[in-house]
Each structure stands twice: as structure tokens, then as C-alpha cells.
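Which chain is which? The protein sequence lines are A and B, in order. So the first sequence is numbered by my numbering: it starts at 1 and just counts up by one. So the second sequence is numbered by my numbering: it starts at 1 and just counts up by one.
No wet-lab data here; the hints were simulated from the structure. Among these hints, one or two may not hold up.
To be verified - Cβ-Cβ distance ranges computed for the label pairs, FRET-style:
hint	chain 1	residue 1	chain 2	residue 2	range
1	B	TYR42	A	PHE149	51 to 61 Å
2	B	MET431	A	VAL234	31 to 41 Å
3	A	GLU37	B	GLY635	42 to 52 Å
4	A	ASP250	B	THR210	30 to 40 Å
5	B	GLY60	A	GLY68	58 to 68 Å
Since the structure is predicted, the reported quantities are computational estimates derived from the model, not experimental observations. Glycine included, each C-beta is placed from N, C-alpha and C at the ideal position.
Here are the chains, one letter per residue:
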Amino acid sequence: MVDLIKRAKELLESSAVKVVIGYEQGTGNKTRALFVEKTEDADKLIFDSRCIQNLAAYVTKKEVKEKGKMAIAATLPVMRSIIQLASEFQVNDNNLLVLGITPESNLIEFANLVEVETFVHQYQIEIDARNKEMLDKLAKMTSAERWKFWVDELAPCFKCYACRAACPMCYCSRCTVDFNQPQWIPVPSTELGNLEWHIMRAMHLTGRCIDCDACYNACPLSIPINLLTKRMLVDAKEHFGNYQPSLKGDNLMSTYKPDDKENFIQ
Amino acid sequence: MSKIGVFVCHCGENISATVDCAKVAETAGTYDGVAFSVDYKYMCSDPGQNIIKNAIKEKGLTGVVVASCSPRMHEPTFRKACAEAGLNPFMCEMANLREHCSWVHEKNEATTEKAIDLVRILVEKVKYNHSLNEIKVPVTKTALVIGGGIAGIQASLDIANTGHKVILIERDPSIGGHMSQLSETFPTLDCSQCILTPRMVEVAQHPNITLYTYAELESLEGFIGNFKAKIRRKSKSIDEKLCTGCGQCTTKCPVKKIPSEFNEGLGKRTAIYVPFPQAVPNKPVIDRGNCTYYIKGKCKVCEIVCPTGAIRFDQEDQIMEVEVGAIVVATGFTVKQPDFFPEYGYGKYADVITGLQFERLASASGPTLGEIRRPSDGKIPEKIVFLACAGSRDPAKGIPYCSKICCMYIAKHAMLYQHKVHGGKSYVFYMDIRAGGKQYEEFVRRAIEDDGVNYIRGRVSKIYEKNGKLIVSGADTLLNAMPVEIEADMVVLATAGVANEGAEELAQKMHISYDPYKFFAEAHPKLKPVETNTAGIFLAGACQAPRDIPESVAMASGAAVKVAGLFSQDELTREPIIAVVNRQAPPVYSSCVGCFLCVSACPYQAIEKEEIKNRNGEVIKLVAKVNPGLCQGCGTCVAFCRTKSIDIQGYTHEQMYTEVMALLNEY
Ligand SMILES: Cc1cc2nc3c(=O)[nH]c(=O)nc-3n(C[C@H](O)[C@H](O)[C@H](O)COP(=O)(O)OP(=O)(O)OC[C@H]3O[C@@H](n4cnc5c(N)ncnc54)[C@H](O)[C@@H]3O)c2cc1C
Ligand code: SF4
Ligand code: SF4
Ligand code: SF4
Ligand code: SF4
């Protein structure tokens with residue numbers, strides 16, 4: 001990404017931003033996040049199909065924010081996350097500049113978040129065929145079968161919270177699982193406790209999760225926890241309308257709209 | 001260490017019939033922290049309350065659990081008893097053994113076990129209770145009255161005369177409502193306009209009343225004593241300050257064929273119009289949907305003829321925000337139109353009219369100057385038929401209720417007809433004559449006996465036209481359902497009184513409830529007829545159910561007293577059961593991350609953003625803050641907050657968790 005490197009250098013040189021967040025070559029065939037503060041480091045920036053980590057998870061981190069204005073190399077899911085974060089007052093035009101990477105891998109720079117929003121809204125969030133098939137399969141199960149499926153799938157989770165760390169929406173300084181007065185969700189990894197943790201997580205992400213799969217990709221045990229958030233995406237759409245992250249702040253779950261279908265209570 | 005007192009009530013036999021109260025008290029006495037435990041026949045009685053008070057004083061209790069009826073019933077009683085004994089009233093909890101246990105279960109072991117569980121939950125909870133203080137909120141001593149019919153007029157005047165300010169908003173260009181359309185009124189046959197107009201003028205001139213006509217409620221926020229209402233003042237397209245009401249514009253306006261709403265379509269009006277000569281205010285509005293200028297872009301005749309230059313084509317709707325402490329809803333009702341009745345020709349016969357249209361025909365200020373002439377050809381009808389219960393009391397039509405006013409106004413109509421058309425014949429088809437009310441029965445008897453109106457008990461199945469006559473065919477149920485056919489010149493339908501269009505939407509804006517027919521719901525059918533379930537919002541007149549004038553006025557005065565009572569206090573006391581967003585020591589300040597999803601989730605707009613600043617006045621954090629005056633303690637925000645930064649006082653996470661764990665026998 002020659003354009004990206006060039007633009008990063010310009011931005012840093014002119015002090016328009018203090019840090020550029022992007023990807024670099026990691027160990028093995030993996031890529032990892034790179035925080036460019038010095039012009040010469042910009043040459044390490046790369047972009048290719050392996051760059052699927054959701055970098056938006058970093059823009060709410062104190063350590064990164066403290067550096068000053070940030071620029072971020074943002075793919076479509078990252079841009080969606082940023083709009084959702086902006087609607088939750090976590091980022092704004094004063095502290096973030098978006099260097100968009102289109103699905104065709106072209107670089108576009110946005111003057112402000114409104115432009116990012118307009119761009120993002122050209123695309124619907126679509127669940128891919130493989131996951132859709134899984135959701136259908138789960139929906140067809142009896143509730144006992146489904147319960148067993150999830151107990152089994154979640155049993156190995158040892159609460160490393162890598163999924164939480166990878167998710168841009170999990171920026172809370174105190175997550176419900178860390179709340180200990182009272183300890184609603186038990187700390188040790190137990191059968192029921194694991195269910196509680198993941199149900200809670202899915203609930204908190206409903207109407208906010210932009211379906212980037214970063215949580216699933218981060219999980220060292222490849223537990224398909226993204227199926228939970230995907231299911232919520234489908235359900236929320238059915239009951240409250242289509243989800244698109246939006247700067248209007250009309251959060252899908254917290255905002256009452258007269259045309260909410262709410263057919264589940266009728 | 002907690003010292004908790006448990007007081008188990010028998011409620012006569014209401015609880016003790018199925019629950020072993022002595023066992024409940026005995027078991028509770030064994031719990032950690034319980035210092036005193038007793039059962040008694042009536043805890044709410046004076047001796048019962050004294051047991052509580054004495055125990056608090058003698059044992060030095062730090063918390064009280066009363067195991068009795070629903071807190072809705074006696075929470076205030078027991079809290080007060082605790083307070084009198086020197087214990088903070090919010091250290092008192094109630095276990096609902098009656099509604100939640102004894103009334104719904106058989107007498108057996110398990111029922112007593114459940115009662116014990118209910119007590120244990122609260123014993124554990126009360127250990128985490130904290131002393132709370134009641135919240136005082138100021139009262140804005142201005143009332144908003146919505147709807148300027150007779151009910152709204154009366155309520156406004158009554159409130160204004162107690163010395164408080166009133167803002168009256170009316171949707172139409174003039175106040176007056178349906179009463180201004182009526183000819184004469186039962187049971188005294190005095191002229192409606194003559195008794196109404198002085199009141200309308202009084203409203204306009206009263207120093208305490210601000211009148212906004214052509215105005216509607218846009219939105220409502222807040223709560224009793226402290227409402228914020230947005231009012232949409234629809235553009236009248238004139239500058240009311242300049243307009244003198246000379247009427248040049250209305251005489252010259254070239255669009256003259258618009259059916260007049262005031263005359264129920266029997267007369268015509270212009271596009272710039274005053275609905276009727278006695279309108280208050282007596283200033284015109286432009287009906288933009290019919291004005292040539294707004295449709296075609298040219299005309300402006302009114303602007304040319306207006307001597308004071310008061311016409312404003314570019315005037316826009318204005319949204320005004322007002323603060324009020326109480327609201328009286330008096331938006332009235334409406335009547336079904338003939339097109340609702342397939343059996344009576346779907347409104348296609350010009351001479352089948354509604355009762356309200358008849359009022360206009362009989363009115364001296366109406367389109368026929370008070371002569372009863374039929375709409376089709378202006379002939380005076382020699383035979384006229386009145387149909388009661390057109391739509392009303394007809395479950396098949398979705399209106400099972402009685403519209404209440406029709407029996408009376410039909411008798412009035414028939415009487416007026418007989419007085420005006422000598423030698424005319426009038427018939428009334430009725431199901432029952434409902435004339436309950438002072439002088440009402442006498443009034444109907446007069447119509448029958450003195451004025452010779454023919455009352456036929458029975459329903460009309462069909463009306464059709466034949467040789468220029470309306471054939472009314474029905475059955476006389478007093479004569480064994482003998483078929484009756486009357487060749488009439490005109491038919492008047494007493495069409496059902498129904499809720500206004502938009503009533504549902506208005507109710508939702510104000511968060512008040514309504515019945516299945518969209519009439520606004522009173523808080524109690526007998527004991528709270530003018531209150532709604534939303535504190536500070538009252539009802540008057542036909543918006544609650546079809547009502548006649550005396551009832552509407554009585555309700556309005558009732559509602560006005562409620563408002564005046566509220567305004568007699570400077571402050572209202574509210575329970576401290578409200579949400580609080582935590583505050584912590586720097587550098588954290590609060591676990592709130594400022595996502596403000598709680599702001600949109602709160603149904604009472606009670607959550608604000610608070611800037612936390614450092615010593616230099618720089619904003620270092622933006623966090624949520626609950627306005628204690630607005631919060632209703634519903635708990636929506638608590639469920640929403642992912643960081644668990646919000647607690648409801650008296651129902652904290654800690655307390656709820658403890659209750660659940662106590663139930664799971666973890667204690
Ligand atoms: C044919 C007929 C004959 C009658 N004859 C008699 C009689 O002889 N004697 C008798 O006692 N009663 C009679 N009545 C009953 C009488 O009309 C009512 O009792 C009376 O009009 C009720 O007054 P109200 O103020 O409650 O409602 P309304 O008169 O309906 O007034 C309501 C007012 O509120 C306004 N409004 C509505 N919605 C809004 C809104 N959203 N915002 C702002 N303003 C709004 C309306 O424009 C209207 O001005 C008769 C009724 C009918 C239909
Ligand atoms: S897919 Fe996973 S990581 Fe991505 S937003 Fe949703 S929950 Fe967060
Ligand atoms: S990343 Fe996987 S193992 Fe770790 S907490 Fe999440 S689901 Fe559990
Ligand atoms: S929901 Fe919770 S974290 Fe978000 S603003 Fe409200 S109190 Fe703060
Ligand atoms: S409890 Fe929370 S959501 Fe409910 S009224 Fe109070 S602040 Fe609003």
C-alpha cells in the first residue's frame with residue numbers, strides 16, 4: 001500500500017496526526033497492529049487480505065488516545081465500528097482521522113465522520129452463507145438440543161477474554177464480568193458461568209456489534225461465539241428494524257421508535 | 001451487626017387461613033441478624049403498629065420486615081410507623097404474604113414454606129438497606145388545558161379564578177367545541193350560543209389565561225409539578241396583532257365553496273375564514289389546503305384588501321416550549337358520519353343527516369337561519385324520522401357502549417321540529433329511552449305528550465329512496481315485531497359518539513392510558529373519575545366518554561379543584577427510589593464510560609451528561625447523571641448499563657443479588 005505509506009508520512013510530518021494505526025508483518029504468516037509515530041516507521045505499513053483484525057479496538061484505548069490525534073487505516077468493518085463508537089461518544093472528528101480502505105482495496109481519505117457514515121451506509125451488513133447455514137441449523141434444533149450445543153461449545157472457554165479485548169465495542173472500563181459488588185457472573189470457568197458470560201456479552205453487543213468476527217478470530221479455542229452475536233443481529237432486525245451504525249445516536253436497542261415492530265409482545 | 005424485626009400479619013384470616021403465621025415468625029426468629037420476630041392478627045391496626053414501634057425502641061432495631069399484604073396497600077402505613085419510632089422509613093420492607101402467597105395457594109406445608117422464603121429474601125435484603133431521604137421538587141404553578149370545548153373553557157376559568165395561570169390550547173381556529181354548534185340545549189331548551197359565548201369571551205379576556213388557538217401539543221416531557229410541553233402553533237397566515245377582525249378578507253376571498261366544518265358541511269365557507277360569527281378569537285385563518293395562492297401560486301386578494309396589511313403568506317408553524325405543573329385534557333369527542341352505515345345508504349342520500357347537522361339546521365345562526373329545511377332541495381320536511389342508537393349499543397359495529405347523549409338530544413330535536421314545523425309529523429325509533437338525570441325524563445315525556453312525537457320502539461333495518469321519499473323500514477318490537485314502514489322526507493341519525501381521531505396518539509404523547517374505544521381512561525371508575533394514571537394529568541368532558549354539558553362542566557370543575565389542590569403546595573415530596581450513576585475517587589471519577597445509551601433508553605428523559613472538570617476547569621470526563629426530579633425509578637437504565645454504573649436506591653444490585661441468593665438458599 002504505497003498510497004497509505006505516503007499519506008501516513010505526510011500526516012505525521014505535518015503533525016496533522018500523532019499516530020497512524022495500521023497493520024505490519026507479524027510472526028509467521030500473521031499480521032499485527034502497528035502504531036506509527038515516527039515517519040520512518042511508516043514503511044512497515046502493509047495491507048493485504050490477511051489484515052482482518054479490527055483496528056478500531058485500539059482507538060478507545062487510553063494508551064493510544066493519549067498520544068494525540070489518531071489516523072487509522074480502516075477497512076469497511078473498521079469504519080462501521082468507528083461510526084458506532086462515534087455514536088457512543090467514544091471518538092470524534094477532533095481525535096480521529098479515517099484513512100478508508102474500500103472493499104476494492106483503494107485508499108480514500110475522509111474529511112470527517114459524516115463522510116465515513118455515508119460511505120458505510122452504501123453497504124448492508126450481510127451474514128455470510130456458511131454462518132447463515134449454521135444459524136439455520138441451530139434454529140431448527142429443539143431448545144434442549146440447542147442448550148446442549150452451547151453448553152458443549154462453551155465448556156472449554158477459560159475466560160481469557162481475548163474475544164473481549166479484540167472487540168471494538170468492548171471498550172467499557174468496567175465490564176459486567178469485572179463487576180464484583182455483587183459478582184453477578186462468577187470468575188472461574190464453570191459450565192453455567194460460561195453461559196452467563198457469553199449470553200451477557202451477546203446481549204451487550206446487540207444493536208452494536210457490526211459483525212466483524214474479530215472476537216471469533218481472537219479466540220484461541222475457535223469457539224464460535226460470533227454465532228451468538230449474529231443471531232442477535234438477525235433477531236434485532238426482525239423486531240426493531242435493520243441495524244446500521246449511525247451518527248444519529250438512535251441506538252437500535254435503547255431508542256424507542258413508534259414504528260418498532262415489537263411483534264414479540266403482541 | 002443488623003438487628004432486624006420481623007412482623008408477620010394474619011390479616012384477619014386472609015393470610016392465616018392458608019399460612020402458618022406462627023411458624024413463619026418462629027423460623028424468621030432463627031435467622032442471623034433477626035432480633036425480634038412476632039405474629040399478630042392485624043399489623044396495620046393501632047395495636048399492631050405499636051408492636052412495631054415498641055420493638056424498634058426497645059430492641060434498637062436497624063431494619064424492619066413486615067410480612068403482610070401488598071406494599072401498594074400498606075407500605076406508607078408501616079414506613080410511617082417506623083419513622084415515628086425513629087427508624088428511617090426506608091429501612092422498612094414488606095413481604096407480600098397475602099397477594100403473593102395466601103390468596104393464591106391452598107393451605108398446606110408448601111404455602112407456609114413459600115411464606116418463609118418471602119420473609120427470608122427481605123430479611124437478607126434489608127441488611128443492605130440504607131437510610132434514604134425524601135426528595136422535594138418544586139411545583140410550577142401554571143396549568144395547561146388541552147381543548148377549548150365547554151369542558152376546557154370551564155376548567156380554564158375555574159383554575160384561573162383561583163389565581164393560577166392557565167395556558168389553553170385549542171386545535172381549531174376558535175374555542176367553543178361542539179357546544180358552539182348546538183341550537184338549543186336539553187333539558188331547558190336555552191340557546192346554546194347564548195350561554196356559551198359569554199364564557200368564551202371571559203376566557204379571552206381573563207388576565208390569568210393565555211389562549212392559543214390553532215395550536216396542538218407537540219410533545220410532553222417531565223412529571224407532576226414539572227412538565228415541559230412543546231406546543232405547535234400552526235400558522236394562521238395572518239399577523240394577529242395587526243388584524244382587527246374587520247372581515248374584508250373573508251368577504252372578498254374568491255374561494256367560496258368549501259364545506260364549512262362548523263356547519264357540518266351544510267354551509268360553505270371561504271379559504272380565509274372565521275369559523276362562525278361569535279368565534280373567539282374573532283380573527284381569520286387561511287386554510288392552506290384550499291387557498292388558491294398556496295395551490296396555484298397566485299391570488300393574494302386578501303392581502304390586497306386587508307387594510308392593516310396583516311396577511312402573512314410566509315408565516316411558519318411555531319414551536320413553543322412552556323413549563324406547566326398540571327394538565328387538564330379536555331379534547332372532547334366526535335360523532336360517526338353517515339358513511340359508517342351501509343344499511344342507511346353509506347351517506348349517499350343527502351337527506352339522511354346526523355344529529356349534529358340537525359343542530360345546525362335548527363340553529364338561528366345556521367345555514368337555514370333556523371328553519372328546518374332538507375339539504376337536497378331546501379323543502380321543509382313534512383315527515384321526519386329520528387333514529388336512536390345509530391351505531392351505539394351495537395357490538396357488531398364495534399361500539400357496544402351507549403353514547404348516552406342521544407336519547408336526550410333526539411327528544412330535543414323532535415320537539416324543536418314540532419315547534420318549528422306546524423302540522424309536521426315526527427317519529428323516533430328507539431331501543432330504550434335513557435333519560436336518567438334531573439328533569440330529563442320530564443323532558444322526554446313533554447316531547448311525547450305535549451308535542452305529539454311518535455315514539456316507536458324498534459330498530460330500523462334499512463333506508464332506501466323511492467319516488468323522492470326516504471323509505472324507513474323497521475319493526476315495532478312492542479307490537480310483536482310488526483313491520484313498520486315510514487315514507488319520510490328527512491331522516492336524522494343519532495350517530496354514535498366516538499373518540500376523536502388522533503386521540504390514541506395524543507394519549508401516547510402524554511403517557512396516559514385509554515380504553516379500547518380510545519377514550520382516555522380515568523384512574524378509577526368510581527373514586528378517581530377525573531384523574532389519569534399519570535400523576536398531574538386530569539380529564540374533563542367528553543374525551544373520557546360521551547358526556548352531556550352538565551356532566552362535562554362538573555368534571556371540568558372537579559379537575560380544576562385537583563389542579564388547584566396541587567398548586568396549593570410549593571413543593572411535592574417524592575420517594576427517593578431513583579437511579580443514581582456512581583461517582584468514584586479520581587482518576588476514575590465514575591465507572592460510567594459515557595456511552596449515553598442510557599440517555600435514549602430512559603423513558604422519562606431523566607438522564608443528562610455531566611462534565612467532570614479538573615482544577616483548571618478542563619473537561620476530563622463526560623459521564624451520565626440522573627436528574628432526581630425526573631427519574632421515576634423504573635430501572636430501565638440499570639438494565640441497560642453495561643458497566644453497571646447505575647443503581648436504583650433501595651433496589652441496588654447488591655440488594656437484588658442478595659435477594660436472589662437468599663432464595664437459592666445460599667445464605
Ligand atoms: C347532536 C348533539 C347534540 C347535543 N345536544 C346537547 C344538549 O342539548 N345538551 C347537552 O347537555 N349536551 C348536548 N350534547 C353534548 C355536548 O356536545 C357535549 O357534552 C360537549 O360538547 C362536551 O364538551 P367537551 O368540551 O368535553 O368536548 P367538545 O365539545 O368536543 O370540545 C373539545 C374541544 O377540544 C378541541 N380539541 C380536540 N382535540 C384537540 C387536540 N388534540 N388539541 C387541542 N384541542 C383539541 C376540539 O377542537 C374542541 O374545541 C350534544 C351532542 C351532540 C353530538
Ligand atoms: S463480531 Fe465480535 S468483535 Fe466484532 S463487533 Fe461483533 S462482537 Fe465485537
Ligand atoms: S476468547 Fe474464547 S476462550 Fe477466551 S474468553 Fe472469549 S470465548 Fe472464552
Ligand atoms: S449506560 Fe452506563 S456507561 Fe453508558 S453512559 Fe449510561 S451510565 Fe454511563
Ligand atoms: S430509573 Fe433510569 S431509566 Fe428509569 S426513569 Fe430513572 S433514570 Fe430513567
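(message) Hint compliance check: list the failing hint numbers for this structure, sorted ascending.
(response) Violated hint: only 2; rest satisfied.
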